[in-house]
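Participant: Take each chain as given, in its own frame, and dock them per the hints.
Taken in order, these protein sequences are the chains called S and V.
If you use the numbering used here, the first sequence corresponds to residues 325 to 759, in order.
If you use the numbering used here, the second sequence corresponds to residues 113 to 439, in order.
Derived by calculation from the structure, the hints in this document are not laboratory data.
The C-beta atom is built at its ideal place from N, Cα and C for all residues, glycine as well.
Just so you know, not all the hints are guaranteed correct.
What the hints assert, rightly or not - The calculated label-pair distances, taken between Cβ atoms and stated as ranges, are:
1. S:Gly490 <-> V:Arg363: 19 to 27 Å
2. S:Ser408 <-> V:Ile416: 36 to 44 Å
3. V:Ile416 <-> S:Glu511: 53 to 61 Å
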Amino acid sequence: MATKVFMEALSPTMEEGRLVKWNKNEGDAIKQGDVLAEVETDKAVMELVARGEGVLRARLVAEGAAVPVGTLVGVIGAKDEDISALVAGASAAAAAAAPPVTAAAASAPQSNAGTSGSASTAAAPLPVAASGSGTHGSAPSAAPASAAAARTIASPLARRLAGDRGVELSGVTGSGPGGRIVKRDIEAIAAAGSSARAAAPVRKTIEGDFEDVPLTMIRKTIAKRLAESIGPIPTFYLTAEFDLSRAAEMRTAAAELGDEFKVSFNDIILKATATALAQHPEVNAHWLGDHIRYHNRVHLGMAVATDDGLIVPVIFDANEKGLGAISRESKELAKKARERKLKPEDYTGSTFSVSNLGMMQIEQFTAIINPPEVGILAIGAIEDKAVVAPDGGFEVRKRLRVTMSCDHRAVDGAVGAKFLQTLRRLIENPLLLVH
Amino acid sequence: MPVITYRDALNQALREEMHNDDRVFLMGEEVGLYNGAYKVSKGLLEEFGEMRVVDTPITELGFAGVGVGAAMVGLRPVIEFMTWNFALLALDQVVNAAAKMLYMSGGQYPMPIVFRGPNGAALQLSAQHSQAWESWLAHIPGLKVVSPGTPYDAKGLLKSAIRDGNPVVFLEGEMLYNTKGEVPEEPYLIPLGKADLKREGNDCSIITSGKMVLVAMSAADQLAKEGIHVDVVDLRTIRPMDTEAIFASVRRTNRAVVLEEGWEVCGIGAQVVDYIQRDCFDDLDAPVIRVHQADVPMPYAKAIEKAAKPDVPKTIAAVKKVMYLEA
Numbered sequence: 325m326a327t328k329v330f331m332e333a334l335s336p337t338m339e340e341g342r343l344v345k346w347n348k349n350e351g352d353a354i355k356q357g358d359v360l361a362e363v364e365t366d367k368a369v370m371e372l373v374a375r376g377e378g379v380l381r382a383r384l385v386a387e388g389a390a391v392p393v394g395t396l397v398g399v400i401g402a403k404d405e406d407i408s409a410l411v412a413g414a415s416a417a418a419a420a421a422a423p424p425v426t427a428a429a430a431s432a433p434q435s436n437a438g439t440s441g442s443a444s445t446a447a448a449p450l451p452v453a454a455s456g457s458g459t460h461g462s463a464p465s466a467a468p469a470s471a472a473a474a475r476t477i478a479s480p481l482a483r484r485l486a487g488d489r490g491v492e493l494s495g496v497t498g499s500g501p502g503g504r505i506v507k508r509d510i511e512a513i514a515a516a517g518s519s520a521r522a523a524a525p526v527r528k529t530i531e532g533d534f535e536d537v538p539l540t541m542i543r544k545t546i547a548k549r550l551a552e553s554i555g556p557i558p559t560f561y562l563t564a565e566f567d568l569s570r571a572a573e574m575r576t577a578a579a580e581l582g583d584e585f586k587v588s589f590n591d592i593i594l595k596a597t598a599t600a601l602a603q604h605p606e607v608n609a610h611w612l613g614d615h616i617r618y619h620n621r622v623h624l625g626m627a628v629a630t631d632d633g634l635i636v637p638v639i640f641d642a643n644e645k646g647l648g649a650i651s652r653e654s655k656e657l658a659k660k661a662r663e664r665k666l667k668p669e670d671y672t673g674s675t676f677s678v679s680n681l682g683m684m685q686i687e688q689f690t691a692i693i694n695p696p697e698v699g700i701l702a703i704g705a706i707e708d709k710a711v712v713a714p715d716g717g718f719e720v721r722k723r724l725r726v727t728m729s730c731d732h733r734a735v736d737g738a739v740g741a742k743f744l745q746t747l748r749r750l751i752e753n754p755l756l757l758v759h
Numbered sequence: 113m114p115v116i117t118y119r120d121a122l123n124q125a126l127r128e129e130m131h132n133d134d135r136v137f138l139m140g141e142e143v144g145l146y147n148g149a150y151k152v153s154k155g156l157l158e159e160f161g162e163m164r165v166v167d168t169p170i171t172e173l174g175f176a177g178v179g180v181g182a183a184m185v186g187l188r189p190v191i192e193f194m195t196w197n198f199a200l201l202a203l204d205q206v207v208n209a210a211a212k213m214l215y216m217s218g219g220q221y222p223m224p225i226v227f228r229g230p231n232g233a234a235l236q237l238s239a240q241h242s243q244a245w246e247s248w249l250a251h252i253p254g255l256k257v258v259s260p261g262t263p264y265d266a267k268g269l270l271k272s273a274i275r276d277g278n279p280v281v282f283l284e285g286e287m288l289y290n291t292k293g294e295v296p297e298e299p300y301l302i303p304l305g306k307a308d309l310k311r312e313g314n315d316c317s318i319i320t321s322g323k324m325v326l327v328a329m330s331a332a333d334q335l336a337k338e339g340i341h342v343d344v345v346d347l348r349t350i351r352p353m354d355t356e357a358i359f360a361s362v363r364r365t366n367r368a369v370v371l372e373e374g375w376e377v378c379g380i381g382a383q384v385v386d387y388i389q390r391d392c393f394d395d396l397d398a399p400v401i402r403v404h405q406a407d408v409p410m411p412y413a414k415a416i417e418k419a420a421k422p423d424v425p426k427t428i429a430a431v432k433k434v435m436y437l438e439a
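Chain V on its own, in the form it takes in the complex (with noise of 0.2 Å):
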């Protein structure tokens, strides 16, 4: 199976899509002559042409309004944020058009959109480009939030995006695109809301998403050397949540710790730990624990920013603090 990058798949399920279907167009800043700001876009100008790989000026509100524009007339865009960063002033259109859009219309227009582009911090970018924005968008009700840790997951997740008739928030990480991974040369599909078990042991789970998967998958081969054999639970969408695999994997491990890329109130760790406590109280040992990024903004100095990212050191201590082998 080819070994690829988390780019290449993305730039893979963009051209798949478009081959298959010529209503699905790619929008936003730097994706055409420039071949995308992290060129995940890719040669995509070349071959669709300039009606379907669209440059635009620096107005995230402006695009992803045009976007939800074309949505409503029958198109299938796919709007990518330079990163998720700059997409709050676009959020109005992201909440307030995209996601309502079907239930105040009454079912009149269909909303088939999806906006994308790299979420969280990557190195020493500060306090304003370092956010993680899962717990915001997995908030509003009417959108889907998708997570992919890995090339694999991220190239069947975006084709299932760009299929779905809903509008999908697709979630990537600067630090993910070169990531490799195998992913098969024969098309397929990954569907939303369904949770991979990336790592089976029966000590502890690990819930997770994202860029996060790498740092738990990190933690769980350390933790092995140890004899401490882990879960690893790959949310991949956020929204919906597979909540039946987080059950199944805590209930045989009766232990949890959930690791997350964003701060640490009304987290998506939040969320996760309530659904545990509701349906798993009598399967637990010990309180779940929350790994996350430190409760500030983001630091600039190397080390201070290290500190304060959720990392394999913290993961580990977390995991050994369930399993009560340290105070």
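Pulled out of the complex, with its shape left as it was, chain S reads as follows (with noise of 0.2 Å):
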């Protein structure tokens, strides 16, 4: 039986890509997992994969053409397969998404009249299930591919199991009646690891990863005032000055040993950080509504700057890491946002993050908190200053400010400073950090 090859919402917020690259010609075997095209999305651009076997029969969309998400752009059938009524079916659609997508979306012929709620897909109408057959409230195992185009259809099972264990609807190919995602889908996927995303690695959800504490009625009030006063996030401060001489000498004296022994002031803040928010749950934490989810594991944001905008890949499990993993990590998803190659799972699941306008001499500036994380870092410039030495007179030292903004439902004043304690203690004794 034919698999139709659709584009995938490969991002959590994609709604068109453009298909950069065929990577299979017509004719060529397919195996399972194969990447058929390259496409680009709104962040990046990613793997199209083949979700069956056979050959591709049919390349339904040209290169360097915007279609909208599940829109059919290919066929992978058998040899000899008929596959006429797909590809007729698809044609006018591949036609109508031709770029520019928008004009083609709205001149869409209104032939799915009746479908609404797929209203915005411009695929070409399939022929309709001959009505009144007999079996009544059965599966709807000849629901319209076109509605299939316009959103992701998953029992509600599926979609709640979905959101409980963190798999990305959009990236999993549904096995129920005209490609309905289902429970077994969202397992397979959960247990075993992506059949559907072979190239994700997918992380499991383990016991201890994190503690949900429901809301404390105090919680619950100070959640309540504090976002009438400043919202939806009701944010404040805390700036502190660190002295990062230590810190200074002992990156010389790594580089010494070594290029492979060099690490940045950046590397250092970032491992000093993760050390202290292993230490510290309470702001490694997600605001979720009506509780708080503490986590014990610390996945990093960092953001990076890139032509596009701003993006956060994530560094997981940063307080396991050590400075040279940290530092190597870090260039490394550095460099994939900027040749905008961060997959999804790259920049998703962060607990905290941290933001730098060091490199940039801006001295001090306050980052806008990534909900649900319940605080972020603002690294500042690294300056020499003038400072009262413990004797008294002046020395020149080097200093960093960084600004903390903390979500004050989840963070008072008081448990944000502790951390800051912390992380000074470590910035300012880096030993500490290989301890």
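Facilitator: Structure follows, in structure tokens:
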């Protein structure tokens, strides 16, 4: 049986994709998981992988064309299988969906007037199943594919499970009638690693990753009152100035040992932040409306500026990683971000974020919290400053200003301050980081 | 524990309740001298006499009305219809008199009456005598509708129905009377409005009642051989319906098949599906599927009658469909 290849939602917010390049020709043998094409999403260039086996029988969208998510872009089938109906049905849509896409969508014939909710799709009408055939209330096995184009079809249970387990529905291939995503599809991904998204390592949620704590009454009141004052995230800011002299010494000493030990100040700050977060789950948390999720693992988001805008890739389990590993990983993520090669799993799941504008000579700034996180650290420039020495004289030392934005619904002033105390102790005594 | 027939279980229930309460009497066609068309009332005339086991002419509307009048003045009649197919003329008494008496008399006239008899199809009795009326009757506020599928349930529920202060419609089955099951010797009651989980499995819920319980159990046996384990939720009482039992099962299995004897349109299954979609929307992995009689008058010809009835293969196919195992 032929497998339809659809433009998939390869990022959580993707509505259309540009088919950059076909990696397979018509007639090529296809295995499950083969990369069929490269697709540019709103965030990155991603791979469109095969969901079935056989031969790539048809390429229905030209390279360079942008089509809405859900559009039929190709057909995989047996060598001699008759796919003319599939192709005929899709050709109109593909033609209509050629750039400019907005115009195509607007001019698509209102052929699916009967299927409300699928109005945004430009897919051609499919043959309507004969009605009144006597199978009542049965699963709509003849669900029009055009509906799939408009939205992800999943059973209510599958939607709930996907939410619970952090599975992105748009990336899942449904095994139910009409491609409906059902319970077993979510379970397969959550349990055995992804077959639907072969290239994507799925981070399994294991028990003990976090602790959900219901809101106390006082917490509820604080949350409500403060959000009324500054909303929707009632943020306050804590600024501290750290002494980086020892960090600078350590960095110099390390660099002298060889290039492989070179680390940046930013790496040291990331490492220190991750270590401090591990000691302060009260700020390594997510505000989830009716409860706060305190994470036992530290997934550190690092804001990266790219030509297209800001993106926050994640160093997972940052507290478990050494300075060298963090240094390598942060470089790698920044590079991928600039090349738009980050995958959704690279930039989702952070428990706390760090933003650094020090390299642009910003002394101090406030960063915007990335919800549902409850804090973000804004790193300013490292500057030589005259400070009062313990003996009462003045000396020139390297100083750094950090400002923590805190979501007051979850984090009170003293709680944020204690975290910054820990961070100060680590950054000012960087030997603790190798402890 | 003694194993007895559904017929004898009902007989025991009647006998026990007539002993317990001398206001209880049985009335209907052939219930006395002939011992009942299906022998449910065997021996009762001999034991309780003509005042309490009353043979009637073939006048369903008439003796249903006599029953209503008797209940109004303090007796507790059990009205037997030879089958519910013969009871259509009597529905004015059931629906307009019995179901509304307490309400329209401002509480002055109680209505502790049981209307009982076989419901639905037997074998080759053709279109007029093979009809399942539960959805008609359960539609009416003021009536309770009971539909037991086993001898144990039949006895416990009939005793409760007779003791209930409201009009109770009690649906038996011609094909059920000879079925056997364990029934304890000591007295017991089964409360109206309580379902029974007849079989437990986590893959799918089959929600059913009455005669169809046997179909569901047989389907469950066969499915188990294929490694598919289903819940069989026997509603036992159709009105009031034990929705919590339905929800508990569906929340565990995430899939449901509703199996009923009657027709599809406005059937009991439609009501069950409505309850499920309202309260278990986020628990469903598949649309609920109904299994029911074909939407035609019951055919007389044996093969076509078989094709029209809900049965084990249709139930198995429905279970596989909601499990996405078959197209």
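Participant: All hints, please: hold or fail.
Facilitator: Status of the hints after comparison with the structure:
no. : hint                              : in the structure
1   : S:Gly490 <-> V:Arg363: 19 to 27 Å : holds (22 Å)
2   : S:Ser408 <-> V:Ile416: 36 to 44 Å : holds (40 Å)
3   : V:Ile416 <-> S:Glu511: 53 to 61 Å : violated (43 Å)
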